[in-house]
Every structure is written in structure tokens, then in C-alpha cells.
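*Asks:* What the sequence shown shows, in the working numbering, is residues 111 to 294, in sequence order.
Take the hints with a grain of salt, since some may be wrong.
Here are the computed lysine-lysine pairs in the DSS-like style, where the Cα-Cα straight-line distance is at most 30 Å [claimed, not checked]:
#1 281 to 176
#2 179 to 195
#3 281 to 179
#4 195 to 246
#5 246 to 281
#6 168 to 246
#7 179 to 246
#8 168 to 138
#9 195 to 138
#10 168 to 179
#11 195 to 281
#12 246 to 176
#13 138 to 281
#14 179 to 138
#15 168 to 281
Hints were generated in silico from the structure; no laboratory data involved.
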Amino acid sequence: IFLYSIFLLWRRVYANPFPVNASWQHCKGTTPTFRGYTCGLWTTFHALTVHTYIDTIKDNNVNALKPLKSIQGWVRGFFGCQHCKNHFMNMTTNILPMTERRVRHPQDMMTYLWRAHNIVNNRLHGDPSEDPQFTKVQFPPPFLCPTCHSGGQFSRRQVRNFLLRYYGSIKPHNRLRNRQLAFF
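Working from the sequences, and respecting the hints, build out all of it.
*Replies:* This is how it looks when you write it as C-alpha cells:
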């Protein structure tokens, strides 16, 4: 009941930010059944890791796993597609384990999510859920980041710089700039 009350408060204060029939821009598919919501989630997750990195770049005590574990926890608890959730949880625990060995430095949170997203894109390439006009490719494609590709391989440094530019330009939308939400 408490969380539902918070949800209703957010809907009221932020003028219903959870639309039932969203009109996607960047993530718009060729039909409403393609892209949209899942593309929006990945974009949000990438922006979260990039902005966490930007905000904590000078903090040597940052726990780089924390934002990724939050994403994993959100998927585990709230993602509605059980099949998708199972694949994500298997990937982050078995295929590409989300561990301190793999995510040591603040920039690793961005590159971990980038690698995970490309694993998902690879798995879903050719799947019936794939939008035929926006096929699943390894990201970023050469037309978006020519310097990210070298000899058929990704340059991690260039990919990291690309992620910072691409997702770092996403700014929080806040209609109530100076208003605070009180939860208690």
C-alpha cells in the first residue's frame, strides 16, 4: 500500500509520467509491438550508468557494481516479461557474471552494460520480436561511431568515449525543478 501511495503521488506531482499509450521518439518501432518500451529501458539503463560515472568520476570510493545491481534488481522485481527476465538474470549471473572482478573501476559499469546489451542484441537477432526495419546489431554501429571499430573489433576506449557522448547528453526531465518530493 505504501509503494502504491508513492506511485500515485508521483503520478499527481509529475503530471502522469507513466503513460499507458506512450508515443516513442528515439525508440519508436515500425509498429507499436516493436522496440518502444524495451528500447526505452535500455536507454534509461545506459543513461543511468553514464551519469553515475560522470557524477562519481572523482570519487575513488565509488562502488561501480551498485548501479548495475540496482538495474539487475529492478529487472528481477519489476520487468513484466518472465522469459526476458530469466534470460537477463541468467546472463548477469552465468554468461557475463556481474562481479567485482569484472566491474572494478567506475568506467566498468558503462562497458559492462554495453557488453550485456550487445549479448542481448546478438541473441535476439533474427528473433520474431526483432523489428525488421531496426534489426539487432552490435552497438554502436560504424555509422554512429566509426572510430569504435578497428579491424573487426571494438576499441573499448573509443566505445567508452562514445557512450559518454551519446548517453551523457540525455538530461533529466524535471518539470518541478525546485520542488522536492517528500516521501515521509
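*Asks:* Hint by hint, note whether the structure agrees.
*Replies:* Hints and how they fare:
1. 281 to 176: holds, 21 Å
2. 179 to 195: holds, 14 Å
3. 281 to 179: Between residue 281 and residue 179 the Cα gap is close to 22 Å, so the pair holds against 30 Å.
4. 195 to 246: holds, 19 Å
5. 246 to 281: Cα-Cα ~26 Å, so holds.
6. 168 to 246: Violated, at roughly 35 Å.
7. 179 to 246: holds, 25 Å
8. 168 to 138: Violated, because 36 Å separates the two Cα atoms, which is more than 30 Å.
9. 195 to 138: holds, 22 Å
10. 168 to 179: holds, 21 Å
11. 195 to 281: holds, 27 Å
12. 246 to 176: holds, 28 Å
13. 138 to 281: holds, 19 Å
14. 179 to 138: holds, 28 Å
15. 168 to 281: holds, 20 Å
In the structure shown, a violation is registered for the earlier hints numbered 6, 8, in ascending order.
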